[in-house]
Amino acid sequence: MTHRVLRYGVIIAAAVAALWWIPRYVGTQGAAAPAGDKAAVATPHAADGHPDLSGLWNASAPREVQQVDEAGTVITSNNIVRGATPVNAERDAALRRRMDPNRPIYKPEFWQKVQNLDYNGNTEDPTFACMAAGVPRMGPPSKIVQTSNEMIFLYETKNQFRVIPLDGRAHDPDKSQDLTLMGDSVGHWEGDTLVVDVIGLSDVSWLDIHGYFHSEELHVIERLRRDGNTLTYQATVEDPRVLLKPWVRNPVKLQLSTDPKVVLWEDAPCSDIDLPHIVDKEHH
Amino acid sequence: MRTKAFAIVAVIALSLSTTIAPVAQGGAPSASAPDLKATLRNAAEALVMLRGAEMRDSISTMEFWATGTMSVVPQGYKPGTPLLAFKITAYHGAIGYDPPGGMRVDFTRTNPNGAMPQQQIHVVAGKYAWNEAKYGMNATPAMETANDRLLQLWMTPAGVVKAARNAADKTKVSVEGGKTVLTFPVGTTMVKATLNARNLIDRVEARVNHPVLGDTALEATYSDYGDWNEAGYKSDVMFPRHIVQKVGGLPMLDLTITKTNTQNPYVVFPVPDNVEKAAASR
Numbered sequence: 535m536t537h538r539v540l541r542y543g544v545i546i547a548a549a550v551a552a553l554w555w556i557p558r559y560v561g562t563q564g565a566a567a568p569a570g571d572k573a574a575v576a577t578p579h580a581a582d583g584h585p586d587l588s589g590l591w592n593a594s595a596p597r598e599v600q601q602v603d604e605a606g607t608v609i610t611s612n613n614i615v616r617g618a619t620p621v622n623a624e625r626d627a628a629l630r631r632r633m634d635p636n637r638p639i640y641k642p643e644f645w646q647k648v649q650n651l652d653y654n655g656n657t658e659d660p661t662f663a664c665m666a667a668g669v670p671r672m673g674p675p676s677k678i679v680q681t682s683n684e685m686i687f688l689y690e691t692k693n694q695f696r697v698i699p700l701d702g703r704a705h706d707p708d709k710s711q712d713l714t715l716m717g718d719s720v721g722h723w724e725g726d727t728l729v730v731d732v733i734g735l736s737d738v739s740w741l742d743i744h745g746y747f748h749s750e751e752l753h754v755i756e757r758l759r760r761d762g763n764t765l766t767y768q769a770t771v772e773d774p775r776v777l778l779k780p781w782v783r784n785p786v787k788l789q790l791s792t793d794p795k796v797v798l799w800e801d802a803p804c805s806d807i808d809l810p811h812i813v814d815k816e817h818h
Numbered sequence: 003m004r005t006k007a008f009a010i011v012a013v014i015a016l017s018l019s020t021t022i023a024p025v026a027q028g029g030a031p032s033a034s035a036p037d038l039k040a041t042l043r044n045a046a047e048a049l050v051m052l053r054g055a056e057m058r059d060s061i062s063t064m065e066f067w068a069t070g071t072m073s074v075v076p077q078g079y080k081p082g083t084p085l086l087a088f089k090i091t092a093y094h095g096a097i098g099y100d101p102p103g104g105m106r107v108d109f110t111r112t113n114p115n116g117a118m119p120q121q122q123i124h125v126v127a128g129k130y131a132w133n134e135a136k137y138g139m140n141a142t143p144a145m146e147t148a149n150d151r152l153l154q155l156w157m158t159p160a161g162v163v164k165a166a167r168n169a170a171d172k173t174k175v176s177v178e179g180g181k182t183v184l185t186f187p188v189g190t191t192m193v194k195a196t197l198n199a200r201n202l203i204d205r206v207e208a209r210v211n212h213p214v215l216g217d218t219a220l221e222a223t224y225s226d227y228g229d230w231n232e233a234g235y236k237s238d239v240m241f242p243r244h245i246v247q248k249v250g251g252l253p254m255l256d257l258t259i260t261k262t263n264t265q266n267p268y269v270v271f272p273v274p275d276n277v278e279k280a281a282a283s284r
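One line per chain: the protein sequences are A and B, in this order. For the record, in the first sequence the residue sitting at position 43 is 577 according to the numbering used here, with numbers rising by one throughout. For the record, in the second sequence the residue sitting at position 177 is 179 according to the numbering used here, with numbers rising by one throughout.
Isolated chain A, as found in the complex (with noise of 0.2 Å):
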């Protein structure tokens, strides 16, 4: 009976403790690591008069627990879902995923293959099978390495990297014809903008999930700019074998991790065992 007691007692102080520790730890881990006042940190500059972009932004916390209210709440649409189930979880996660109005804009003898890649999504996106994304899907970097003639890009997921020359040098034409998933990058600065131009990226990656696919024609112009602890990304496609015009993704705004306790996770080595399970169309 005792250790009845004390072990209901061990539990029930466990879990309220859990429910009083989860939404002060997703208040200072989800919603990015403190950063101070963005109107009051000035945006530092490397010896060259550039702004310097080194940092960690927004890596190592916690993906799937995002967003507290004020009076720290959980408010991501993780937790809460119509009716509590996993599969309207999934459904709702599924549409709201491709309910962004700011689509590429295929040729219309292309907007059928979109179509279909999407629909069978679950076997046809490259990504689900372990392949890198490759730029620009991959977005912006988790780390960034800044020196006077180069910036490194260290990416979390799948613990990939890129080294970008800045030191005015055209595309390489060899690396150029190579075709791969990051391409050959070269970075110029404009203004306080870091322009990342790249060329020689192979079409067997997406613009994005829902059957973007691209050609070898793509080519991709990355800025990155920061503004105190804020950094903001976006990228530009064009691809004139398959898109009526540019399209410019919508920027991603990330925060610089201030501290110095917080380190670029090693990703987990990808193995998928799920697509022989996978039964329907339906997103995931």
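No lab work stands behind these hints: they were computed from the structure. Check each hint, because a few of them may be wrong.
[As the list claims (entries may be wrong)] Okay, derived cross-link-like pairs now, DSSO-like style, lysine-lysine, Cα gap no bigger than 30 Å in a straight line: (1) A:647 with B:136; (2) A:647 with B:129; (3) A:647 with B:261; (4) A:641 with B:129; (5) A:815 with B:136; (6) B:279 with A:641; (7) A:779 with B:279; (8) B:236 with A:641; (9) B:248 with B:136; (10) A:779 with B:136.
[Claimed, not checked] A short, non-exhaustive set of chain A residues, derived as facing chain B with CB atoms under 8 Å: (11) 637; (12) 642; (13) 652; (14) 742; (15) 745.
Glycine included, every Cβ here is placed at the ideal spot set by N, Cα and C.
Following the hints, position chain B against chain A.
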């Protein structure tokens, strides 16, 4: 014992989830004093448009396929005889609700005896309207149809909810014959939508300027709502299986939906250059 312990934790977790998940529930429309905000929310919830923690309208695009009949008023019409009803062997509607709104209707109709199949593709994108000889291609400006086609877009069930919400304080809610009624403008046209007991849009009316009949009533009725996406691709979004349109009380369109894609599919309406030029020259 372990089961009981887990049950206790589960109860606590459930109480937490109910504390942090204040998802509003739609209620039956009030017969006496319907509230506009609640009415719009109830209508949106009935169509299962609201998703996520914020219960945000998450419907952006959709497609539907149908077969049925189409009558061209007053073609073949004389008093006491039925209208000439063309068979619609294929009907594909692609809708984009994001402002300014767009819709592409691609249908093939035959004579009542099944002969003379004829494909037509009608498109509207905001203030622009055109016809296409091939899907997405070979556009011919049809600017004079833009308002009518936009009206068709905003008379769809989800379109009604969105248009009524976008009209803000110009939207009125009332009760007629025990049913909740929304009245709102689409451009210069007033639209009246009637909700059924489940808060689903079952009737939409508007006054249109018909080329033959003049100022007359356009009426759409919707019935047999369900999720008509393919098995394995369900979204839970409600769409009517049966759509009937009448103009001046005469049957104009009778569609039976064969399939929908309400997963916000890739649907776009780039305005062709020649259409933009035609619009600029008007």
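Now the hints, each set against the structure:
1. A:647 with B:136: holds, 16 Å
2. A:647 with B:129: holds, 28 Å
3. A:647 with B:261: holds, 19 Å
4. A:641 with B:129: holds, 21 Å
5. A:815 with B:136: holds, 29 Å
6. B:279 with A:641: holds, 20 Å
7. A:779 with B:279: holds, 18 Å
8. B:236 with A:641: holds, 28 Å
9. B:248 with B:136: Given that 30 Å is the threshold and the Cα spacing comes to 28 Å, the pair holds.
10. A:779 with B:136: holds, 21 Å
11. 637: holds, 6 Å
12. 642: holds, 3 Å
13. 652: holds, 6 Å
14. 742: violated, 11 Å
15. 745: holds, 7 Å
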